[in-house]
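Protein chains: 2
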Amino acid sequence: MRLTMYTDFSLRVLLYLGVQGKEKLSTVQEISDAYGISKNHLTKVTHELGKMGLVETIRGRGGGIRLNVAPDQINIGETVRKTEDDFHLVECFNCELNRCVITPVCRLKGVLHEALDAYFKVLDSYTLADFVENNEKLAAILLGE
Amino acid sequence: MRLTMYTDFSLRVLLYLGVQGKEKLSTVQEISDAYGISKNHLTKVTHELGKMGLVETIRGRGGGIRLNVAPDQINIGETVRKTEDDFHLVECFNCELNRCVITPVCRLKGVLHEALDAYFKVLDSYTLADFVENNEKLAAILLGE
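Chains A and B are the protein sequences, given in the same order.
Heads up: the first sequence begins at 1 in our numbering, then just goes up one per residue.
Heads up: the second sequence begins at 1 in our numbering, then just goes up one per residue.
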């Protein structure tokens, strides 16, 4: 059971932009350099975060990206729900493709949903602010400050 | 975020053998027919469940498989931990391969662990008995009783 690399990188971009603060612009190259991960991947990630309304892109010379909303408005559970393809723990979670014959009477399905709900209840209780505020050590590593 | 097909099928095999009861033997063919899933997959699954000590194989003519332990001794969280390859939600969960530079100061890692713990706390609170006992409808579908 894993989150996608795409979710992992999305969260890292948000952490980076979160420690940068709301106004200052960053470039994908800077984020790529800070984490040592592919610029191509990050370009796609930031594009998608833009479509979600979390990241704003300023075009042109001296342009870059920054958070479009305050860190305390970026809920982690909500973000992960959007960046993951799906949360189909088992076949019956996908109503369209499910062919499991015991679905109508299977109590396991409900328990797996209960477990997934508990997982999200934790993520839903945090925002990006919880990870970037008063975290000078994070800023030091990412921004070299 | 998904569980593997292997975990899904393992749980289905355990449900089948659970409704069969401890003594009666089943064949992989019967389980394959009941769920409409590949016999080849189920052969591998039952072999692995055997190695985990959950399923017993009686060889020879009239042989088959059955649970090796009582349903109330088969914990769901424990079983899923064994059938999944790993629970590396993000890169830093894998100590050997992790290259994320912010790991020492990243609070997100702790929160993802907290979410995973909440997920398992639910699964750990159930055993196979919770799904198969007094579930005549499940037996009716799987065994045609």
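Be a bit skeptical, because a hint or two may be false.
Label pairs and their computed distance ranges (CB to CB) [as the list claims (entries may be wrong)]:
{"#": "1", "chain 1": "B", "residue 1": "K24", "chain 2": "A", "residue 2": "A129", "range": "49 to 59 Å"}
{"#": "2", "chain 1": "A", "residue 1": "L97", "chain 2": "B", "residue 2": "K137", "range": "52 to 62 Å"}
{"#": "3", "chain 1": "A", "residue 1": "L97", "chain 2": "B", "residue 2": "R107", "range": "33 to 43 Å"}
These are calculated hints, taken from the structure and not from any lab test.
From the three backbone atoms N, C-alpha and C, an ideal C-beta is built for every residue, glycine too.
Now for the hints, and whether the structure bears them out:
Between B/K24 and A/A129 the beta carbons are some 57 Å apart, a value that agrees with the proposed interval 49 to 59 Å. The supplied range of 52 to 62 Å is broken by A/L97 and B/K137, whose beta-carbon atoms lie about 23 Å from each other. Taking 33 to 43 Å as the suggested C-beta distance range, the pair A/L97 and B/R107 conforms, at roughly 37 Å.
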